[in-house]
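Colleague: This is what each chain is made of:
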Amino acid sequence: MAVCIAVIAKENYPLYIRSVPVQNELKFHYTVHTTLDVVEEKISAVGKAMADQRELYLGLLYPTEDYKVYPSHMIKNMAVTNSKVKFVIVVDSSNTSLRDNEIRSMFRKLHNSFTDVMCNPFYNPGDTIQSKAFDSMVSAMMVQAS
Amino acid sequence: MEPQEEKPIIYTMENKPIVTCAGDQALFTSLYTPLAQQLPREPMEWRRSYGRAPRTIHLEANFVQFKEELLPKEGNKALLTFPFLHIYWTDCCDIKVYKASVRDNMMRWQGNLRLHGSADWVIVVVETSDAKKKNKTNILPRSSLVDKIRNDFCNKQNDRCVVLSDPLKDSSRSQESWSAFLLKLRTLLLMSFTQNLGRFEEDMRTLREKRNQPGWSFCDYFMVQEELAFVFEMLQQCEDALVQYDELDALFTQYVLNFGAGDGANWLGSFCSPVKRWTGLLLRRPIDMEKRDGIQSGQASLLELRSYLFCRQCTLLIFLQRPWEVTQRALELLHNCVQELCLLEVSMLEGALDCWVFLSCLEVLHRIEGCCDQAQLEANVSHTVGLWAYATDKLKSLGYMCGLVSEKGPLSLELNRTVDLLAGLGDEKAETVHSLQSPYKKLKEALSSVEAFERHYLELSHAAVEMYRAIGRMRSAGLVGKSLAEFYMRKGDPEQAESFLQNALRSYVSEGWSLLVTHTRKQMAECQKLQGKTETYLQTSALLAGDANLTNEERIHFCQEILTFANQSTDSKAQKVTLSMSSFAQLKQLQFRPATATVHSGTALQVELCLRSLMPVAVPLEQLAASVHLNLEQGETNGKTRGPQRRPYPETVLFPLGNSSAMPPSAAGPSPELEEIQDCSPSDPRSLNSTGMVCKNTHLVMRRHDSSPSPDTPNLVSPVPVVMDDGANMLMSGDVTLLPGNNSIVFSVPSQELGTYTLRQLCATVGQVQFILPHISPLVHYEVYSQESQLTVEPLTDQLLAGLPQRAKVRLQTGHYTVKKGDALQLTNIDSMPILTSSSCPATILNSTAERVDESVLFIQSSDKVTCISLPPTPPYHTLEFQLEVLCVIPSDPVRPENQRLTNGEIRHRPRSYNLPDNHMTAINQRMSIDCPWSIYSTPISLTFYIPFKAKHSLLSAGNRKYIQVCLQNVSDVNFHLMDQRLTEKHRESSLELQSLNTKAQQLVYSKQSLYYVWDVRWKENMPLCLQCVFSASFSSASEEVSAFKPYHYAFQLERVTTLYSVRTEIMPAAGQQNCHSGSLCGLEMSITRLAEPEDDEDDRGTEKKGQTETEEVCSTKLMYKVADGSSSWVVYGRSSGLVSMPMDANANHRVQVELMPLFAGHLPFPDIEVFKYLPPSANSASQPDTDGCVENDTLSLLVRPLDDQGDTASIRSQGTVHSVGSGEQQSRVLPMPRLEPFSPGQVFNHSQGCQVLVLPSTDGHVLEINAT
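Going down the list, the sequences are from chains Z and U. Start counting the first sequence at 3; every next residue gets the next number (our numbering). Start counting the second sequence at 224; every next residue gets the next number (our numbering).
Mixed in with the good hints, there may be bad ones.
Said to hold, decoys possible - Label pairs and their in silico Cβ distance ranges:
#	chain 1	residue 1	chain 2	residue 2	range
1	U	E689	Z	V24	22 to 28 Å
2	Z	D102	U	T774	36 to 42 Å
3	U	N639	Z	D129	40 to 46 Å
4	Z	K134	U	E682	49 to 55 Å
5	Z	S141	U	D486	45 to 51 Å
6	Z	V24	U	T757	33 to 39 Å
7	U	K714	Z	D102	50 to 56 Å
Think of the hints as simulated: they come from the structure by calculation, not from any bench. Yeah, the Cβ is synthetic: ideal placement off N, Cα and C, and Gly gets one too.
So here's chain Z without its partners, still in its complex pose:
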């Protein structure tokens, strides 16, 4: 269901980014990078009010339309973690069966897996994620799409 999953560090560099159509990787990178604008805007606008809320899910924020290769637009759902690490899931919106709570559960899974990565004593916070477990979890989320 997801076509691109990205984990963005607090400093806005990608900790992890993976997309399914590999030939389109660059476009996804551009899209995810641009998305950060909206994420930052959203966080700063809502951030203080939402600070104590447990809800980190920001919802659909950045719809675009890609007419060249994928004549469909993608929905990006974002969640911001407490460590200001951002998750971005890019979903091909031609997959219309996807509901909001499914996206949420994807984020939950992603978040849990990320927490596992952080718990690894050999992982240096700030390094790019190279965990196989994380990778396979992301793969699983992407495989469901195809």
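Given chain Z, put chain U in place with the hints provided.
Modeller: Only chain U this time, still in chain Z's reference frame:
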């Protein structure tokens, strides 16, 4: 309202619910104005079914004349034309009239209504007082007429008949009646709404439920539900109206989605037909009737349906003052439409959709601009910017499609496409024909020519960039900028493109998006190449060639670009292109050989660099050079202080991994270099005052990160020009080929000049290109030093003992001097320290790292004055070591006054011997000088020897007999064997005989122990006045097995050895007593006897003043005795001292009686008798005036008196004591006062030494003293 409207035009906002009026038209017309005014004046609460929220509503109505045609026919769903209420007006007050005409009329009216199933009617009876008054006679009371009407028509619905009294009068009654009427009217209207709308909704729902049946048409349903929406809108319930449209929207969307999922509905087929027109949204009209008709007739395309739907939603939203929702919905709609067209596989001319989206975006923006003021717009840029960007994007793609972006202009194919696209736009709508800025005009113009397109595209792009910037979406702005750059590149205008690319690149680099960096950089490279910016292009190429994100082919391509340029045979004068090395290769580590990185001048030092080439192919370097900076401040010549092992150097210097483009920016930032510091107190280095951590690179760590990127970041868009230092020392290495990956390059470092060298830069030259690493960090130093030759002689053991052969280590550090064959050390011989080493001795040669290199044999030649040690050839900066055996002769006489001259003319320093306090050994410093071949100066060498023994002598007497005792103390830590102890006279002149009383055997003297020796001195003739003796013994170290005995001498001198006087003392009890008793007086008789013959000039006072050379003094005429009781067991009665005049002749005797009293009982030792020479004041002292004698007497008398007053013991009162006191004073003042001079130890012999006398306790027994010790 005039009832001429046959078919109401649907202009919803102006529409009002229709109310028909029947009956007396004239009456109604007269009442119409107040009615139309007052009806909407008061709001009504509209409670609705299905739990929908009640709404407050201001009712208005369109009053039309009742016609039968107005009544809806069966199945007519039109709601707008539906009459919600039918009113019958009458002012009839005459029952006859009523019965005659009005009643029938009403019946007909009601029958009509009933026929059409309409139950919403009311009969208004207008009552005027005038009419009443006119014909009073046959007038029924009003109430009765009303009752009649009620009776006739409203069976049980009494409220269907209303009375309006005096409506045109301004009275309270009229008012009341009006308001009652209005209320009734409103209530009835609402009831009608509720009822009719409810019924309508019911029907609508039924229709919707049939949607899965064949033949159901969405368009039909659309019309039905829109009817409802219209009514809500008419009732100004825009929310509800919007809900209707949203439901329609959702329904349609769902159908499309289902279609996509394979569940196609027949009616959707009409929407799947190819789209022929793409006129875009049209939001200027509240209702686009044209499109509505299309929908109604089922001929609308998907775009038209969507456009119409959005147009309606937009109108309602703007009416609801929610313009920002419009923009948001617009964006969603546009995205959604694009997707739906795809889902439905609607065939469309390529680019048509772009046209539609572009037009729609602009139309929405125009619409929003039309209803908001500037401030509002600026505050909500974030809502509109998406549309701007979308429009920009679409225009761009249109431009590309129609060949408007290329340099050459559109091709014919592209022109045809343009024409087709423009044809699909149709004619401009009437609303915008006159506006200059309509989206239609814009698009048409933009597609018409290259220039116009550029103008419009740039305008849009810049607007989008500006807006993004304004709301802080820098990344989005960058992205738009990037597409602008692409546009410029297509236009062949790389200058314009570059700044946009740089902006984007900077942002990507700073945020660490490597893939984006790579992509942008590729564009950048192209841009720079087009511009002919060789240097930056090459730099970018270098970065790209080392970029892991690129394929190998691409990397090789860029690498080849560099190499091609580098190998261009341009004239040599051309400036070489300097590039930053960080993109080309990384310095990984650096290693010195030797690892200490400290060499003496002239030695080979090698630096091994590990350089990781980032290039994909092997790069042949013409030269790799490292510039070094020489710092002369330290280490120039003071090689003595800085040995080779001065500081511990790490074996290899590792360089932190240079920040590659793949590295996140946070990691690329400098990490703090921390160092622990400890502050020790100066007094005690072990106690710690404070400790802490110090960050050494605060200036880097604390630097603001958001400011411009640091200049040495290799990822910088335009690299800072790196300048190669000129004139610095260079380490060169030619013809190196850098293979991809790690390369090891070895430099030979020149080490001629002295000083500390710092590696500064690294420069790789490839043809015309130089890659320069501007800073090598951390700093790497190496040091070249020079050292003078040094010669040291050190004792091999802790202490060198004098008298025994000792070994000393000679260490020769050659420094920069090369010891050649034939070089020799020349040692001046010292008598007191001969060199014992035989003609050859082994020597070791060590290199600078203290490794044994060679061994050889030294040849030592000794002549009288000089010992010559020939050295083996030794290379510079080596150490030659050998041992010398030396012997320090113990000086027999510690007092040696004369200076000796060394053979080389230097003043010979007498071996300085000094006694260390306590039992320490006497040290002797032996100095020798060595002539070295490398210096014209002699090297003085000092060795300290310690004498292991200390000797003391003493003279013992027994009457006339004399003994000499020598005490030999071993002060060293070594045990010695001693033998052959002898005492000899130094000058064998007198007939002395020294007879040893000691054992002849070899003796062992342990460390810190002493041996005593005694000799009996006998003489035949006269005893010499001065005895000069030498004690000698042979000793050897007890630890050594082969005992080579070495001599030890101790010379001493004894003077005035002869016994002159003997003193004999006797203590006699008081007369008549056997023993002495304590507390009672007894007598002491001392007898002083002269034993030796006095000499001739014995009485010469002057001789005393001549000092030590005077040896002739034998006796004096006057002696002074003193009874000194050291143990305070005696009290002297009377004089304890006195002067005795001894006759000159031998055996002259003098007796003195002194009275004593013992204080204790027991065996008391005799009190000591001290005898002094008495020297009266000098008579022949010429300088001494006579008056001094008087002064002396005065002082004496002055001194005596206070002593008398004290009433002390008799001994103090005595005259002699006063004299002795006086003599003490005299010595200090050097006045001619009488002096006392003690005899030498052997000159007075006391016979009674050690005698004791028995003292009994006093007889009276009063005092019993027990002295317990």
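Colleague: State for each hint whether it applies.
Modeller: Going through the hints against the structure:
Between E689/U and V24/Z, the C-beta spacing of about 36 Å breaks the proposed range 22 to 28 Å. Checked against the hint of 36 to 42 Å, the pair D102/Z and T774/U passes, with Cβ atoms roughly 40 Å apart. Judged by the Cβ atoms, the range 40 to 46 Å given for N639/U and D129/Z is violated: they are separated by roughly 55 Å. In this structure the supplied range 49 to 55 Å holds for K134/Z paired with E682/U, their Cβ-Cβ distance being about 51 Å.
Here the CB-CB span from S141/Z to D486/U is close to 32 Å, at odds with the stated 45 to 51 Å. Checked against the given bound of 33 to 39 Å, the beta carbons of V24/Z and T757/U, roughly 35 Å apart, stay inside it. At roughly 44 Å, the beta-carbon separation of K714/U and D102/Z lies outside the given 50 to 56 Å, and the hint is violated.
Of the numbered hints listed earlier, those contradicted by the structure are 1, 3, 5, 7.
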